[in-house]
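Colleague: Now for the letters of each chain:
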Amino acid sequence: MPAKDNENIEIQLLLEAIYLKYGYDFRSYARASIKRRILHMLSLSGHKNISEMQHQLLYDTDFFDKLLLSFSINVTEMFRDPKFYKSIREKVIPVLKTYPFLKIWHAGCSTGEEAYSLAILLKEEGLHEKSQIYATDFNEVVLKKAKEGIFSVDRIKEYTSNYQKAGGKESFADYYTARYELAKIDNSLKKNIVFADHNLTTDSVFGEMNMIMCRNVLIYFNKELQDRAINLFHNSLAHFGFLCLGSKEDLRFSAHKDDFEEFVAKERIYRKRG
Amino acid sequence: MKSRTDKSILNFEAVVIGTSAGGMNALQVILKSLPRYFALPVIIVQHLHPNSDDYSARILNDSCKMIVKQANEKEKIGPGVVYTAPPNYHLLVEENKTFSLSIAEREKYARPSINVLFETAADVYGAKLIGIILTGANNDGSEGLKRIKEKGGLTIVQDPETAEVDSMPRDAIAATKVDYILPLEQIGPILRKMSQKQEDG
Numbered sequence: 039m040p041a042k043d044n045e046n047i048e049i050q051l052l053l054e055a056i057y058l059k060y061g062y063d064f065r066s067y068a069r070a071s072i073k074r075r076i077l078h079m080l081s082l083s084g085h086k087n088i089s090e091m092q093h094q095l096l097y098d099t100d101f102f103d104k105l106l107l108s109f110s111i112n113v114t115e116m117f118r119d120p121k122f123y124k125s126i127r128e129k130v131i132p133v134l135k136t137y138p139f140l141k142i143w144h145a146g147c148s149t150g151e152e153a154y155s156l157a158i159l160l161k162e163e164g165l166h167e168k169s170q171i172y173a174t175d176f177n178e179v180v181l182k183k184a185k186e187g188i189f190s191v192d193r194i195k196e197y198t199s200n201y202q203k204a205g206g207k208e209s210f211a212d213y214y215t216a217r218y219e220l221a222k223i224d225n226s227l228k229k230n231i232v233f234a235d236h237n238l239t240t241d242s243v244f245g246e247m248n249m250i251m252c253r254n255v256l257i258y259f260n261k262e263l264q265d266r267a268i269n270l271f272h273n274s275l276a277h278f279g280f281l282c283l284g285s286k287e288d289l290r291f292s293a294h295k296d297d298f299e300e301f302v303a304k305e306r307i308y309r310k311r312g
Numbered sequence: 304m305k306s307r308t309d310k311s312i313l314n315f316e317a318v319v320i321g322t323s324a325g326g327m328n329a330l331q332v333i334l335k336s337l338p339r340y341f342a343l344p345v346i347i348v349q350h351l352h353p354n355s356d357d358y359s360a361r362i363l364n365d366s367c368k369m370i371v372k373q374a375n376e377k378e379k380i381g382p383g384v385v386y387t388a389p390p391n392y393h394l395l396v397e398e399n400k401t402f403s404l405s406i407a408e409r410e411k412y413a414r415p416s417i418n419v420l421f422e423t424a425a426d427v428y429g430a431k432l433i434g435i436i437l438t439g440a441n442n443d444g445s446e447g448l449k450r451i452k453e454k455g456g457l458t459i460v461q462d463p464e465t466a467e468v469d470s471m472p473r474d475a476i477a478a479t480k481v482d483y484i485l486p487l488e489q490i491g492p493i494l495r496k497m498s499q500k501q502e503d504g
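Residue numbers (our numbering), protein chains in the order written: chain E, 39 to 312; chain P, 304 to 504.
Warning: the hint list may mix true and false statements.
Per the computed footprint, the stretches of chain E lying under chain P, defined by three or more beta-carbons under 8 Å from a beta-carbon of chain P, are [as the list claims (entries may be wrong)]:
(1) 64–71
(2) 85–93
(3) 249–263
Calculated directly from the structure, the hints in this document are not laboratory data. As the structure is a prediction and not an experimental result, all values here were calculated from the model. Just so you know, even glycine gets a beta-carbon here, dropped at the ideal spot from N, CA and C.
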């Protein structure tokens, strides 16, 4: 085996240390992206090298919390990929309407924008009252933000445009109250969402869902961890439940590809086989 | 017999290209001059509107002999193929020479970011990488090209005089002592030469 340079050795050791000390497992994440985030944190920390930073990580929990926040990529928006939401509305909702009660899991919800988008969609389709959305993330800081449902007013224009492209039926302004620089999501949308802590790398099944949405999370995992997560989703879905992935995430190369059929292939909407 | 240095310079494994405004035309000129079985993978970040689809890859594919496709996550990087970064995703090179994608924050207002591709590719390919900056309107790519140079890779910048928009090439030249500053038409031929030397050697 060729000798690795120090930086790569240090990164491996750091991820091991984080797992042993704090229980968060980033060892099976795609390495290039995590490396970039570690090096960014290193440049902010003032430490000379990663080994030095590792010492602080082990002894200083606040410092670890900062690193953890930088590890979870919290770039999100309401109705991200409007075409995806349009497909949900036009293709998936008619099926969901035939069920007496709906359980939906949004894994990797970050600061909640997509969970609220889904709530809006369900409301407009008359499904809100009989749905329960479980929105989970491994990061408590972002979960807290998600629960608050407060967004920057700067983004409203973009969200409104997304909402319209996604086939929105009402006026998007009905769903938030703006005050100064902040927009607060309408309380009625929060009623059926439970925000909870769940880690796809270490936690287990989250039972009997009719639909699971997990978008732009699997791209950060290596192949083995991707397969673990997809297996977890498979076991958490009811028969004929829907699995919705990000626009560049694909089951074609997964070990579990035969457990699902393509429902709207282009939008990465799959359905569990019976 | 070639000297050691000679060999390490010539033994290239990949080409990365970064461009923004005016990039479509510039890329077509370069790709047109490459043969169907070009010995190296060519990996491209072109700044595009976040909601654009794969039209850029399709147009490029129709205008050259090599296969042009959008890069998929976990895809093995192979010779003779041109890969483009999907709109609204960063494209990264992993140690095992596969791609990964990320929706992390924009860098220099860009996602995909040229720096992200160039820096991760430089980490993996080291001296066996050729980095090229073409026409473009901002300064994304300069730091990435610098990293390629630091790792011993070969750096090429389109002559700003021949660029549709010159700020990206100018910034790259200011940031690094680049190996070649070339008019657009000469970039394809030098790539052929580099890859042929490798095949002959």
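Colleague: Quick check: do three or more residues in the stretch 64–71 of chain E have a beta carbon closer than 8 Å to a beta carbon of chain P?
Modeller: holds (count 4)
Colleague: Tell me if chain P covers the stretch 249–263 of chain E under the three-residue, 8 Å CB rule, please?
Modeller: holds (count 4)
Colleague: Can the stretch 85–93 of chain E be counted as covered by chain P under the rule of three residues or more with Cβ-Cβ separation shorter than 8 Å?
Modeller: Three-residue rule not met by the stretch 85–93 of chain E, so violated; n is 0.
In this structure, the one hint that does not hold is number 2.
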